[in-house]
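Taken in order, these protein sequences are the chains called C and V.
According to my numbering, the residues represented by the first sequence are 17 to 205, in order.
According to my numbering, the residues represented by the second sequence are 4 to 930, in order.
No lab work stands behind these hints, which were simulated from the structure alone.
Source: prediction; values computed, not measured.
Keep in mind that a hint or two might mislead.
[Said to hold, decoys possible] A few chain V residues that face chain C, going by a derived Cβ cut-off under 10 Å, partial list only:
#1 253
#2 254
#3 336
#4 533
#5 538
#6 549
#7 905
#8 909
[Unchecked claim] Restricting the straight-line Cα-Cα distance to at most 27 Å, the calculated cross-link-like pairs of lysine-lysine (DSSO-like) are:
#9 V/702 x C/155
#10 C/155 x V/758
#11 V/705 x C/155
Backbone N, C-alpha and C fix where the C-beta goes; we use that ideal spot for every residue, glycine too.
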Amino acid sequence: MVQHRLPMLPSAGDVPWVASVNGVEKQLNIENNAILLDVLRDQAGSLGTKRGCDMGTCGCCSVLVNGEPRLSCLTLAAEAEDCEITTVEGLAEGHHLHPIQAMFTECGGSQCGFCTPGFLVVTSALLEENPSPSDEEIKCAIEGNLCRCTGYQQIVDSVRAASEILTSGESVADSTSPKSDPHPGFSRE
Amino acid sequence: MAKEGNEDEMVGYRQQPGKLPFAKPGSGGKERFSRPTDEGLIPESQGGELAQPWGSHRHDNLVSGQVIGKPTALVDGRWKVTGQAQYGDDIRLPGELIARIIRSPHHYARVLSIDCSKAFELPGVVAIATGADAANKFGVLPVTKDEHAMAVDKVRHVGDLVACVAAEDEATAREAERLIEVEYEILDSIHDMRDGLKNNEYPIHDRGKYHIGNTNVQKRVFQEFGDVDGIKTNAIASHKENWLFAGVNHAATEPHAVVAHWDPSGRLTLYTPQQVPHYVHRALADVLEIPMHQINVHRTFVGGGFGGKSDPFPHEMCSAILARKSGRPVRITFDREEVYWINRGRHPSRIEMNLHADDKGRICGIETDALIDGGGFASFGHVTTYYNGVLHTAPYEIEAFHYTGARVWTNKPASGAMRGHGAVNSRCAVETGLDDLAEQLSVDPIDLRLANLLPPHSATITGFRVTSIGMRECLERVKEESCWDEKFRKMPLGKGIGIGCGFFISGSGLPIHWDPNKFPHATVHLKIDMDGGVTVHTGAAEIGQGSDTVVAQSVAEVLGLPLDMIRIRSRESDTAPVDLGSYSSRVTFMNANAAISAAMQIRDELLDATVEITGADREKLVIGDRRIFAKNDPAVGVSYLEALHKAQEDRGALVASGAYRTPPMGRVHKGAAAGLAPAYSFSAYVAEVSVDVETGQTKVDKVWAAHDCGKALNPLAVKGQIIGSCHMGMGQVLSEEMRYGRNGHLMNPDLLDYKIPSVHEMPEIIPIIVESNDPEGPFGAKEAGEGPLLPILPAVCNAVYDAVGVRTAELPITPDRLLRLIERKCKTEGIDDQLDLQSPRLAHSELQAVLAARAEEHSKRDLERRMNDDREPYHNGALFGLDPTTPPDEVDERWAVNVIPSDDYLAEPRLAGNAWKHTERRHRGDS
Ligand code: FES
Ligand code: FES
């Protein structure tokens, strides 16, 4: 039977590896043939980066390496050495979600959510580069990501909505900030 | 709101702006009242503005205008978008071991010996288990337990489990996998499902005295309803087609994964992305030989299920066995390839479909013969075999129904339940057949359907009680919105439009493990403490479809609370009451009903407390946004927290338990329970396609998708389900196929060669929600998860016919298949250039007017039946002159049910009918 992950090549033992993951410098010892996805999940604590196929077909493992979307399952960790890596965990600012995150929940872009991290990093890179993409541009940006739940339509809707928020300069609320009134609302009269 | 009289005035006390009698946190703050209720969400029957064209509903008075009917973000959405949702492989326990499974490289073989000694010598290997460690069988259906955790004696397909090994890390586990030596004796394997019908030296399973001959037939069904003998004399048009459907896989993005952990007290916690945790719970107890109370099944986030995570799986048993042996947590994660080895996808099927119409354009017979390929194990197959027949006996009124079905074991990965369970393939065959009948009769296929629909509150020929039916509206809406009349049979070559309908159960009426008359299908517990938040305990499995959200919405609505005051605890069997899980599209219907009944108890207590505080008339109290007040004088009332704290005096937290049970339904013949459901969903889709006549490439351009879900509790999720279903159905009809090579080997166990549609293949989909207000559904709701998948397949097939004039009978419609058909058509018609083909055209016959008139008349009949609560019963058969108020078999013996084939039939059986040529061993007297 084919084994997609053959980590069996002799490793030269632990080699030091440094990269910035979501703005935090990580100094790790990795095997010289380590795959970026494995390093992120098993050593760098980014369990939000998902493994759907391990062979570059699903896009669940997408991360940004120096701002560029990459399939981390097809990337040697060594290739990302000294780079800035952004995973889904790095998109929000504290509890202020990135608009793309907020809109994926609001507009139905995420159902089971397993593909969501991949879609989020890819589309956040798109919006970074092009804050008001056309539907066609959105589709081209996500063509490498598979989603089995949504049929993509509400994903495209979400990206469009996020782009509107971004271009309008609004920010997304923080769910943890104190509520001045425990019963927000308005008076009847 | 105007005050009526003065009976409510100043009784008890009135809340005054800024003058609350006692200030409790959250009791109103500086605002006098909460948000005014949205009148647009309150039904007309309660004085609101929500139109109710389908009449009122028993839950109308519970509507507080909070969340039901509003597009609502999933309550667990924020976990998912921040990467904090933990799926199977994200559960990392300290000290975990990684396990790998040793799988059979052979299709069918005896396991002679397993030598683990070399693997044990490898440093880092901690535990190894084989079939000898788990002798007990399990399986999702109690009647067909035929699986072992690992092979005992035989392996039954490539990828079948042989042993498993746990090691300190993944690399070691994979190395150990290689070092385990297994000796096999290869047996002759079977791959063509037709061979499963024959006697065989070594049947894949042995069911002892229940075994059917020496064959590989796992289940056979024979059913005849109505005037089957009369078909030949009545029919003026007949359609016959032999279909071949490839097997398809759920291809959920998350590969299966599991973590097992035995805690110091000796209890097992199994973390698993499961749709049906309760069945795993039972199977674990069987296999591990420990009582169920010693097991806690923890459902993690589920990265897509679609039926692919609804069996108890052998790898789940393996992780528990290894964890028990090693004393450490054990994690198993599948490679994508392994997902295909465990499969449980849609059955590869051969279906012979015969449809007949009489001179009035009525459907005077459906004869179906379905042979389905079950692969190595039974899984849900018992049910699938029935579903291939009974689920296409509606929404049409039919004069005769004949069904023979058989499911055989072959040496392939097991087939099982997949979205649209058992109904998808035969539905595709029926709906394309109807299209052909319409063509033969020279009538419009939509009008043909409209003139043959069962009315609301009726019974099908199989005796299923059908309540609300929004079929007519679905058809009318898609017809209108797609501009059908301007397009159908009128578009140029290569462009086509097609219709397809669907009918699906909204929750299986029969719980697999117990008597539905004794135990409920679903139970929900509520707990409300001083803080006012509501904790909901439910066992319903959130798999991304939004079940947590729907339960939260239901509770919030009944208690008049915003959604963020509801928290769902649905993960662990330790705290959640038993629920049958997320399959057969049951969750919204059953679980929300249970939640409503629990919340109603709390609501009653809150109303009592309000009466006690205010002295107001209980009948006049309504619940708004966190406030309970007199409807005619909103100033009389209390805040939710005041009422709650009053109710809690002397007793502390409020708790309630609600349950849902199906009403008694159905007939009594053998198999009568299969396909019974408390309600059914209906759908109609129109698809518009472009076919490249020179290459055979089909592209779906646009889909109008109308689905009757009773009431869209969360329209955002319903639309998501409709679009997602289109995606999955489009995959099956155009590109997805588990391809087996000449030697029976699966050739495409990966997402590169197994092609699910990407964003570029997806058409624009217009979801149309039809709300038929089911009397028993929660707030009127029915299912929306599986039914929407059914119509897309035939809609595309019919559109392809409209575009190029060829009918395919093999799915998926890949370019090479379609091109061959186009070329053949050109050849038979003597056309040299494919571009000179003529696409079909339609000139209406006189029958068209007859159908239109009947549809019109029925439309009035239906309207009357749905609005009028004391309606007469209506049984299938009335269209053919039977008394609608009596079941047909009571008025005419030709309509009696027959479940045993006659000798006449057996002289010339159809394909699956051949299964009946063999005798069960116990009746042969030789075992
Ligand atoms: S896991 Fe990397 S593309 Fe699927
Ligand atoms: S949301 Fe489930 S795969 Fe995309």
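Tested hints:
1. Look at residue 253 of chain V: its Cβ gets to within about 8 Å of chain C, closer than 10 Å, so that hint holds up.
2. Checking residue 254 of chain V against chain C by beta carbon gives a least distance of about 6 Å; that is within 10 Å, so the hint holds.
3. Because the closest C-beta pair between residue 336 of chain V and chain C is about 8 Å apart, less than 10 Å, the hint holds.
4. Restraint check, residue 533 of chain V versus chain C: the minimum CB separation of about 14 Å is more than 10 Å; hint violated.
5. The criterion of a C-beta within 10 Å of any C-beta in chain C is not met by residue 538 of chain V, whose closest approach is roughly 19 Å, and the hint is violated.
6. The beta carbon of residue 549 of chain V comes within 7 Å of a beta carbon in chain C, closer than 10 Å, and the hint placing it at the interface holds.
7. A distance limit of 10 Å between C-beta atoms decides the matter here; for residue 905 of chain V the minimum to chain C is near 45 Å, and the interface restraint is violated.
8. With its C-beta approaching chain C no nearer than about 43 Å, residue 909 of chain V sits outside the 10 Å limit, and its interface hint is violated.
9. Restraint check for residue 702 of chain V and residue 155 of chain C: satisfied, since their Cα atoms lie roughly 16 Å apart, inside the 27 Å limit.
10. Restraint check: the Cα-Cα separation between residue 155 of chain C and residue 758 of chain V comes to about 18 Å, which is no more than 27 Å; the hinted pair holds.
11. This hinted pair checks out: residue 705 of chain V and residue 155 of chain C have alpha carbons roughly 16 Å apart, not beyond 27 Å.
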